[in-house]
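Sequences listed follow chains L and Y, in order.
Counting along the first sequence from 1, when you hit position 423 you're at 423 in the working numbering, and nothing is skipped either side.
Counting along the second sequence from 1, when you hit position 241 you're at 241 in the working numbering, and nothing is skipped either side.
If you are wondering where the hints come from, they were derived from the structure by calculation, not from laboratory data.
Possibly wrong hints are sitting among the right ones.
Said to hold, decoys possible - For lysine to aspartate or glutamate, the following EDC-like pairs were computed, each having C-alpha atoms within a straight-line distance of at most 20 Å: (1) K17(L) to E259(Y); (2) K394(L) to E336(L); (3) K361(L) to E259(Y).
Said to hold, decoys possible - Some chain L residues well away from chain Y (every beta-carbon gap over 10 Å; in silico): (4) E12; (5) L24; (6) K112; (7) K310.
Said to hold, decoys possible - Short derived list, chain L residues pointing at chain Y, Cβ under 10 Å: (8) F192; (9) T303; (10) F332; (11) R651.
Computed from a predicted model, the values in this text were never measured in an experiment.
Virtual Cβ for every residue (Gly too), placed ideally from N, Cα, C.
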Amino acid sequence: MPADLLFEIGCEEIPAKMLTRQLLDLPGFVEQRLAAARLEHKGVRALGTPRRLTVIVKQLADRQPDLNEEVVGPPVSAAFAPDGTLTKAGQGFAAKNGVAPESLAKKEVAGKKGQYVVAVRNVVGQDTRGLLPGMLSELAASITWPKSQRWGWSETTFVRPVQWLVALFGGEVVPLTWAGQTSSRISRGHRFLSPGPVEITSADAYIDALRAAHVVVDPEARKDLVRAELKRLESATGLRVRPDEPLVAEVIHLGEYPVGISGEFDPSFLEIPEEIIVTSMRTHQRYFAMEHPDGKLANRFATLMGTVVKDPLVVQQGNQKVIASRLSDGKFFVSEDRKKSFDAWNEKLDAVVFQAKLGDKAKTIGHKVRRIEKIATAVATFASLDPAGIDLVKQAARVCKADLASHAVGEFPELQGVMGRHYAKDFGYAPEIAAAIDEHWWPKGQGAALPITPAGAILALADRMDTIVGCFAVGLEPSGSADPFGLRRAAIGIWQILLSRPDWSTLWTPLFAATRDALSEHGVTVKDPTALETFFRARLRGIFTDQGIPAQDADAALAQDFRDPVDARARALACAKISKEAREVFKRVANILDDARAKKLTIGDKADVTKFVADVERTLHGAVVEAQSQEIEARGKRDYPRVFEQLEQLRPVVAAFFDKGGVMVMDPDPSLRDNRLALLNWFVQPYLSIADFRLLTGAA
Amino acid sequence: MYLQDLIFTLQKFWADRGCVVEQPVDVEVGAGTFHPATFLRVLGPEPWNAAFAQFCRRPGDGRYGENPNRAGGYYQFQVGLKPSPLHVQDLYLDSLRALGLDPAAHDIRFVEDDWESPTLGAWGLGWEVWCDGMEVTQFTYFQQAGGIDLMPVTAELTYGIERIAMYLQGVDNMYDLQWDKNVTYGQLRKPWEVEYSTYQFEELDAKIAFANFDTFEGECKRLLARAAGPLVLPAYEFAMKASHAFNCLDARGAISVTERQRFIGRVRGMAKACAETYVASRANLGFPLLPKHLQAQAVEAYRASSEAGVNASALAAARSVAAHALEITHAG
Numbered sequence: 001m002p003a004d005l006l007f008e009i010g011c012e013e014i015p016a017k018m019l020t021r022q023l024l025d026l027p028g029f030v031e032q033r034l035a036a037a038r039l040e041h042k043g044v045r046a047l048g049t050p051r052r053l054t055v056i057v058k059q060l061a062d063r064q065p066d067l068n069e070e071v072v073g074p075p076v077s078a079a080f081a082p083d084g085t086l087t088k089a090g091q092g093f094a095a096k097n098g099v100a101p102e103s104l105a106k107k108e109v110a111g112k113k114g115q116y117v118v119a120v121r122n123v124v125g126q127d128t129r130g131l132l133p134g135m136l137s138e139l140a141a142s143i144t145w146p147k148s149q150r151w152g153w154s155e156t157t158f159v160r161p162v163q164w165l166v167a168l169f170g171g172e173v174v175p176l177t178w179a180g181q182t183s184s185r186i187s188r189g190h191r192f193l194s195p196g197p198v199e200i201t202s203a204d205a206y207i208d209a210l211r212a213a214h215v216v217v218d219p220e221a222r223k224d225l226v227r228a229e230l231k232r233l234e235s236a237t238g239l240r241v242r243p244d245e246p247l248v249a250e251v252i253h254l255g256e257y258p259v260g261i262s263g264e265f266d267p268s269f270l271e272i273p274e275e276i277i278v279t280s281m282r283t284h285q286r287y288f289a290m291e292h293p294d295g296k297l298a299n300r301f302a303t304l305m306g307t308v309v310k311d312p313l314v315v316q317q318g319n320q321k322v323i324a325s326r327l328s329d330g331k332f333f334v335s336e337d338r339k340k341s342f343d344a345w346n347e348k349l350d351a352v353v354f355q356a357k358l359g360d361k362a363k364t365i366g367h368k369v370r371r372i373e374k375i376a377t378a379v380a381t382f383a384s385l386d387p388a389g390i391d392l393v394k395q396a397a398r399v400c401k402a403d404l405a406s407h408a409v410g411e412f413p414e415l416q417g418v419m420g421r422h423y424a425k426d427f428g429y430a431p432e433i434a435a436a437i438d439e440h441w442w443p444k445g446q447g448a449a450l451p452i453t454p455a456g457a458i459l460a461l462a463d464r465m466d467t468i469v470g471c472f473a474v475g476l477e478p479s480g481s482a483d484p485f486g487l488r489r490a491a492i493g494i495w496q497i498l499l500s501r502p503d504w505s506t507l508w509t510p511l512f513a514a515t516r517d518a519l520s521e522h523g524v525t526v527k528d529p530t531a532l533e534t535f536f537r538a539r540l541r542g543i544f545t546d547q548g549i550p551a552q553d554a555d556a557a558l559a560q561d562f563r564d565p566v567d568a569r570a571r572a573l574a575c576a577k578i579s580k581e582a583r584e585v586f587k588r589v590a591n592i593l594d595d596a597r598a599k600k601l602t603i604g605d606k607a608d609v610t611k612f613v614a615d616v617e618r619t620l621h622g623a624v625v626e627a628q629s630q631e632i633e634a635r636g637k638r639d640y641p642r643v644f645e646q647l648e649q650l651r652p653v654v655a656a657f658f659d660k661g662g663v664m665v666m667d668p669d670p671s672l673r674d675n676r677l678a679l680l681n682w683f684v685q686p687y688l689s690i691a692d693f694r695l696l697t698g699a700a
Numbered sequence: 001m002y003l004q005d006l007i008f009t010l011q012k013f014w015a016d017r018g019c020v021v022e023q024p025v026d027v028e029v030g031a032g033t034f035h036p037a038t039f040l041r042v043l044g045p046e047p048w049n050a051a052f053a054q055f056c057r058r059p060g061d062g063r064y065g066e067n068p069n070r071a072g073g074y075y076q077f078q079v080g081l082k083p084s085p086l087h088v089q090d091l092y093l094d095s096l097r098a099l100g101l102d103p104a105a106h107d108i109r110f111v112e113d114d115w116e117s118p119t120l121g122a123w124g125l126g127w128e129v130w131c132d133g134m135e136v137t138q139f140t141y142f143q144q145a146g147g148i149d150l151m152p153v154t155a156e157l158t159y160g161i162e163r164i165a166m167y168l169q170g171v172d173n174m175y176d177l178q179w180d181k182n183v184t185y186g187q188l189r190k191p192w193e194v195e196y197s198t199y200q201f202e203e204l205d206a207k208i209a210f211a212n213f214d215t216f217e218g219e220c221k222r223l224l225a226r227a228a229g230p231l232v233l234p235a236y237e238f239a240m241k242a243s244h245a246f247n248c249l250d251a252r253g254a255i256s257v258t259e260r261q262r263f264i265g266r267v268r269g270m271a272k273a274c275a276e277t278y279v280a281s282r283a284n285l286g287f288p289l290l291p292k293h294l295q296a297q298a299v300e301a302y303r304a305s306s307e308a309g310v311n312a313s314a315l316a317a318a319r320s321v322a323a324h325a326l327e328i329t330h331a332g
């Protein structure tokens, strides 16, 4: 009878992030191994806490099915010698499949010529009970971790030392020894609250047995508990816990029995920039920030203990002491920082390496800042900023990285830009400059906010383009899934910013040119821009397809040009307007022209109306002239769907050109032929420049 | 609990569990890990259990005695247990109880914190132990030292004794700690902090420190390459001194970002060479801390794979006696 399998690996405290990952990966991993062992089941579930990793397999079959299979071997001619005896190859095949040589059959095999040797394997399914000890040891040994260790004299490696094993199939112990531990039905309870052994009778009883021993083994249940505890603290304090899902995901793995506790800090610390307080509490202490109903930060925090203590006030006071000293540090950093200046920090940045491979004339952050200033100034001019606006960009560029040398950012790197904004205000810079310093790091991730101010956006473009072009120039382009310098993310950021500002959609070209110039002044030259263009094109394609544009439409539009992303998107979207029939007709036109080019024929770009001999030629010419005059306005507005509507109306005329009663383009008379090619070329080129029909197939 | 009682308690606790109570090394170090009782003893197959307080110097952390939590000189209490006992976490928690930090009254947690020392070519996995949100101990299973894979593995516990004492005494400033009933930590330590911060940040002559570094490195290399056989213990002392010279230069701001990596590499080079020579010297001595009946086979296994390098030989020596793990002294 099928029965549930329980396998628990007891362990010293597993790092929270690794546990999160493992709980996601483990069920699939176990399913694969069960499938390979031909064992059926009704689902695999992974549970765990910092001190245990557990798999439960529901209704695992109690034996493998018998196996009757035919294995096709070498051709008969290779397996048997002319005298009818088995060759080496034939003997090898029989041995490999564990069948007697005389049992080999000869058969025709579908899809192959001649006769082949066939072995019939009858494997009797084995008892699951007999298979499990080996399977579970191998499973445990095959679990991979980002980092693992040895302990004592062990040869085994695991994320942390293994302390016990529980393995039960249908309530019976599966006997196995791994990592120096022998399996039993004895698990352990909470390290402090129920330190004794916990007997597990069956997989069904597991969760409750542990719960009685102060272990909440189901991560989802722990998450619910954490939320409930945070709620409790909210109502006890009248404050709100600032939402922080990544922190919730981490704290559920910092203990087996989460209990909420809240504490306060001296309100005078609220004078420090809020981000410092929140980041310090979060990264150093895993505290949740709390806020008043109006959203203002409160001088309180919420956190989770891993146990129940005699007097929570003791723990609260301990935590308060720790955060007070952390915040004193933060206050010290900020007050020290405020005594400095952006100029002083910029000097330090001259000694901080941004990218060593760029060479001595280009490698420091100081160098980068000077390039950003040049690039941003050029781009600001192209973006038609007024002189005051351009000057603002220049000034912001000079100080955009200064805060990297501050104490506060040294302590909390994730506050780069944020602290720059605060310090810019303290140092008396214009609010626009303060905003630009912060915003030049935006967007900070997928779906994150884009720069709001023009100066911030221009610096963001310049900084990213400098990084991308510089890295490509010295051979640090991304390869495969490896993108250590985040160049793909940077390029996506550039496109997102340009797409969000239709007035700036043509800025890519001057941005790229200004960046190449600035880098080349620093001795870094881009020999061949093709790889960069391909890279940028691919990122834009990704954005388009993420937005639901069919891949072939994106390709058709981007094949013509990618530098203006707003225009490219409009062209890609317009492809949807071209009917299936129209695609066929215009692809045909494009193909005729391609063939002619392949034959090295010279194709004019204007037909000679006096050379028309057939009505269809005159009709087509007239219709195209009419369409073009209709389209002028639509093209001016980049209203490509309307352009394609005109094209759609041309379709019958073009079809008639080729249909019965039409003309033969490749006329034996070279003069007629060339004129017809010129007519088609003249007509189709303007549409091809919108989207390359040759890449479009099938229905719109 | 006075700070000195805290040291006494930990010494007694670990002595009762089989540790040698060593004394601090008399060479400047940045952490207890540099003590030969840790860095050298973790190498090779021999067991070793030791506990000691170590004065540590971090020139860059000097604050002229004005920061309540940070100083250029402070104490660590370090315990090394080799091989790491399976119940080392329980032993450790008992030591907290001995200090009056009862897990029934405090929130004790083991929070991931992997350890790496680029200058020692060493790394390990483990945790920082939190007591009510405060880091009180660094708990590390050493995996590699001086570039050599460690077998058996040592568990290293490093107690931040000022912090623990501040917690136990309820003071917010380390200089207010009572060392004993009459003398405060400030009375003992503050003048040194003031003068050393001044020296490190204002008076230290970088030229001299650079020259010192070169001299120490030269001596370390010379002693390891000595024709009549290496003198690894003095050589390692010079490696420690070079490492401190580097820390001083770094704190003084005399080393540029690019140079910094190079200096770290030079210290690591010394540490690595010392580690390899040390294992070889222990093999020559016959791995004397192993039980007598296991020494010969360990030496033989070491020699048998000597062509594959010290790392492979050290592992081979350990593996040759691993089956007798129970006969080998361990703490607990």
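Each hint tested on the structure:
1. K17(L) to E259(Y): violated, 34 Å
2. K394(L) to E336(L): Between K394(L) and E336(L) the Cα gap is close to 27 Å, so the pair fails against 20 Å, i.e. violated.
3. K361(L) to E259(Y): holds, 17 Å
4. E12: violated, 6 Å
5. L24: holds, 18 Å
6. K112: holds, 50 Å
7. K310: violated, 5 Å
8. F192: holds, 4 Å
9. T303: holds, 7 Å
10. F332: holds, 8 Å
11. R651: Where the cut-off is 10 Å and the nearest Cβ of chain Y is about 66 Å from R651(L), the hint is violated.
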